[in-house]
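Engineer: We have chain E; now place chain X onto it with these hints.
Quick mapping for you: the protein sequence lines, in order, are chains E and X. Residue numbering for the first sequence is 1 to 287, as defined by the UniProt record's numbering. Residue numbering for the second sequence is 1 to 287, as defined by the UniProt record's numbering.
In case anyone wonders, no lab produced these hints; they're calculated from the structure. Ideal Cβ placement from N, Cα and C applies to all residues, glycine included.
Partner residues are not named here, just some residues of chain E that face chain X (Cβ under 10 Å, in silico):
(1) Q14
(2) Q64
(3) R249
(4) D253
There are 2 protein chains.
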Amino acid sequence: MDLIDSHMCFGGEQRRYRHTSETLKCDMTVSLFVPHGAGPFPVLWWLSGLTCTDENFVTKAGAQRKAAELGMAILCPDTSPRGDGVADDEAYDLGKGAGFYVDARQSPWAEHYRMETYLRTELPALAEKFFPVDMARQAISGHSMGGHGALTLGLKDPKRYASISAFAPIVAPTQVPWGKKAFTAYLGDDEAEWMRHDACHLIASTEGELPPILIDQGEADQFLAEQLQPDLFKAAAIESGRKIDLVLRPGYDHSYFYIASFIDEHLAFHAKHLGVTSSPPRGRGLR
Amino acid sequence: MDLIDSHMCFGGEQRRYRHTSETLKCDMTVSLFVPHGAGPFPVLWWLSGLTCTDENFVTKAGAQRKAAELGMAILCPDTSPRGDGVADDEAYDLGKGAGFYVDARQSPWAEHYRMETYLRTELPALAEKFFPVDMARQAISGHSMGGHGALTLGLKDPKRYASISAFAPIVAPTQVPWGKKAFTAYLGDDEAEWMRHDACHLIASTEGELPPILIDQGEADQFLAEQLQPDLFKAAAIESGRKIDLVLRPGYDHSYFYIASFIDEHLAFHAKHLGVTSSPPRGRGLR
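Next comes chain E alone, as it looks inside the complex (with noise of 0.2 Å):
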């Protein structure tokens, strides 16, 4: 885990990684925000969506100021395995940019694309080895397929997480055309498999109890009809008993300058969970 890059902020440093995965058989890139102290700090992992890699939550969302305040990390794992012996499609939403989250199954992705196991194993363990986080207090969200992302490792892992919470995520990917293209690439056609990293079908089947689930939308969301339908996700939980918050926001699109809007509200929302209940020392050179 070599570190790349740090550049103080908000009294705290924002670090970038780099690190060989033996899951994914490719170098990887980690971003991570550490707050001013001396940690270990809870931790929020957030996952991004098509197109991005560790960076854009980094530099776009401006979410370090209000982790400054609470005493909290963010770790921003890459949305694909990288590098050039990596498959690719020329799509976006395919390929490099585009993991999905999920462990591929066929060829030729299956060789690299293990993004579920690394993200569930790997990541973690070196996580905790070598970054100042405490894994006993950890919280997951993402936006778009990262909020696909954040749903669906969330339940898988219940008790992994204090708190989910998402932005705009695809909460049913078999049912959508972003979905069913990569699960078609990267599962083959066994609806079995498919249904494994379905958000609507997650909260259905998981038993037990369940993280505080918090759902934001956009309502000018270019995405919103035909790929996000956060309200079959709502109908899923309702369904079966479960409560989650869906919380529609008039006149936002799918861009970060929406995510910059409220990621407050859901640091805030996950500081709860974590039991982050006050606001640590400033950090030298804020007044």
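Structural biologist: Here is chain X on its own, set in the frame of chain E:
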């Protein structure tokens, strides 16, 4: 002035416009944050640094949250003329993305590189005509080359701006490599002309009342010793009986992570001098 992009952001709108500049003889883009409400709004000009366009500050600084709260518009011009017919250089610090906020006087630059006139005359007139801004309440800020721009344009028109601030500005372009290279190319070897665009010279030579000036500088800035040297500006101010504020930030570098960490303080500084006294109603969609 064509609206080419708009995103709802913190209850307001982040807009981007395109227009044909008569001064620069090319098409230019301009970004504008407009807070919620009817306006006209007090307006902060933001001038960006080398390699930037009108979009870097918009996506990376996280300024919209505080600007929305204060009811301030933020107007971000590009940093040079643009387009296939515009002279350029392979280096990052000359030509496109490096206009240095002066009117060039030599070939091949003089035909298009007239950023001083564009920003002092053409764009203010267009802003007054097309944007919901109150031209009686303007302030100016910028970063690095744009800090040089904010200081020099502010000192050339001291009655136009209620306040001036700069992050890591080039305060003495006639004395440092970036400025010498650009001024040699754009202005030739007329020393008096160079001095017209040197903030240290301007603060010593401008008569009458000046707006309050805030200089912000990261102490871990990789360009501090060779290119920036804010102490030269502080010394020039003291020698000429002017008071300026120079705030040093231990540990901070030249990046937008540094700007994001302190932009709220600059917005509050400008709001105070613009006479912004209270928060406007929050926009819809904000809780």
